[in-house]
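These are the residues of each chain, in order.
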Amino acid sequence: MLWNTLLLALREIRRNLTRSFLTVLGILIGVAAVITMVTLGNGATAAVSAQISSLGSNLLMVRPGQRLGASRDTAGAAPFKLADVVAIESQVGQLSSVAPVVSRTVTVVHLANNWSTSVVGSSNAYFSAGSWKFAAGRMFTEAEQQTGKAVCVLGETTRSKLFGSENPVGSAIRIKRFSCQVIGLLVAKGQSSMGRDQDDVIVMPLRTVQRRLSGNQDVGMLLVSVRDGASTSQAKQQIEALMRERRRIAANEEDDFNVLDTREIAEMLSSTTRVLTLLLGAVAAVSLLVGGVGIMNIMLVSVTERTREIGIRLAVGALEREVLLQFLIEAVVLSSIGGLLGVLVATVGSIMLAQLMQVPYVFSLSINLLAFLFSAAIGVVFGYFPARRAARLDPIEALRHE
Amino acid sequence: MNGGADAGQSAPPLIELVGVTKTYGQGAVALQALRGVHLVVHEGEFVAIMGPSGSGKSTAMNILGCLDVPTTGSYRFRGVAVETLSRNQRALLRRNYLGFVFQGYNLLGRTSALENVELPLLYRGESPAARHAAAHEALAAVGLTGWEHHSPAELSGGQQQRAAIARAIVTHPAVLLADEPTGNLDTQRGREIMDLIVALNRDRGITVLMVTHEPDMAAYAHRIVHFVDGRVESDIRQPEPA
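Those protein sequences? They're chains A and B, same order as listed. Following the numbering used here, the numbering of the first sequence begins with 670 at its first residue and continues without gaps. Following the numbering used here, the numbering of the second sequence begins with 3 at its first residue and continues without gaps.
Note that these hints are calculated values from the structure, not bench results. There may be inaccurate statements among the hints.
Estimated spans, in silico, between C-beta atoms of each pair [as the list claims (entries may be wrong)]: (1) Gly29/B - Phe690/A: 13 to 23 Å; (2) Phe690/A - Ser55/B: 28 to 38 Å; (3) Gly185/B - Trp672/A: 13 to 23 Å; (4) Ser55/B - Trp672/A: 36 to 46 Å; (5) Ser76/B - Phe690/A: 50 to 60 Å; (6) Leu691/A - Gly127/B: 43 to 53 Å; (7) Arg1061/A - Gly29/B: 31 to 41 Å; (8) Ala1046/A - Arg233/B: 31 to 41 Å; (9) Val952/A - Gly127/B: 45 to 55 Å; (10) Val230/B - Leu958/A: 35 to 45 Å; (11) Gly81/B - Phe690/A: 45 to 55 Å; (12) Trp672/A - Val42/B: 25 to 35 Å; (13) Leu945/A - His134/B: 37 to 47 Å; (14) Arg37/B - Asn673/A: 40 to 50 Å.
Please read all numbers here as calculations on a predicted model, not as lab measurements. Glycine residues also receive a C-beta, built at the ideal position from the N, C-alpha and C atoms.
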């Protein structure tokens, strides 16, 4: 009986192919939207986690000013000095490196090419803290750092903008009024989790930037790399205590600096993308509901159109629940076909979109299954009312219906 | 199931209407379609029901076909009071004991004759092989061998009515209820259909209840019941069935 009903439903769907297709389209779009949104969201979350872990999971960023300083005056917070770096290195244990960072955005020139990029002044510790690898050339020598020599290491983007396909090591570039020798090239890292191009960078010795670009002894930020296996939170506490002491902050005052753990950022970012994914999925789910209303509408039309048929079925002895089942199955078959096609469209669509948006395509069985089952459930929910109307028809009236 | 015309006096009659009334609507707009009908039909009889429109014959047919129930009074089918049955129980009664033939044929469109005839068997849960065999047999009995795979639109009116009759008898019902079966056909086709119904009544012992307004067609029956104003006005046994 069930098998027959299924065949009957398929025949009905085939009989009104155009109408069935349009009905199915509503569900198809809904299911495809839900799956695509969630898949892309998951891809973005995965991309964020990958970026963060490439940054190094045991990295602390120490910056002047309060962390969420929108309402407070953080501009007045004193910048760090090189002495702070030395103090942290000598007084906090379990660290593998401490890198000072000063950055400026400048325009650099090589022959006819010029490019605006960010110049970072730091020490060799910067490369290890950021997990940078060298594609060519070398790091800074002790002498270059001490004397503030005009040497630099290029990121991949900066290299390609200034040198095209050439090897830059040994050449000189022009920054403001001084010439700077390129001594190294970094391996490309790609976009950061915030969408910034990490390779769009030039690294110079700290002193070089301080003397020639910033013109003071300030250090904008400290990158502290904690040794593998050591506790970052403990290191964070020690650094906070030390900096409070060095900056003479009274016990009842708040910090005028902040220490950010990259793992915290990672968690914050991935929880943000998760919430966004959920939100997008929910919006898409609404379109799935709209598709369900479409099914209900078509089934009501179908019941009205086939009133006489229903009358015949009732007259030859079909039970109420058999007629109900017939129309319910028809609705479920319609919505399931929509769900199935939606899964296909979503798979193709999200692979393409993932490529376009440069996020990894992460196949999730659960969301595909869930969206499909949800579409079938929509068939049941929105098919029930029309089916019940069909089942409760008075056979005499139904047979008289024109 | 298909008892002869001599079904015992001790057993309850096949069909028995006792003081049946039917009122549509309520209060001032109430319409009394039946005003106390008494009727007894035994197994194997061929009864024609006649009467002007509005006389209540269609209402009576609906009640006899278990599609409707009396407002008051009782309809006993083989002794079972139909008015006490639920909607589903009445559906089962139709499924197992009744066959319907309508004036407008009422075949499912875009569905082959064979599938139309199989429809009642589908609801009886019979296997596809059994359904096919029974449907072929029924179509052969009405002379439609070779037309099994034609849809109603491809059949003439007479052929459609034959297919409808095949659908009605495929379950070997006790009663065939025919509502103006020749109403949409010309005289010649009408006579062919009547001959078929007579043969089914005679050879298979199917009890036939037929509504008609054509005296020519009513003449085929054993018995003619006249309805006027919701009552049985006359109930005449034909001395010699045509």
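Discussion item. Which constraints among the numbered hints does this structure fail? Numbers only, ascending.
Written reply: 1, 2, 3, 6, 7, 8, 10, 12, 13
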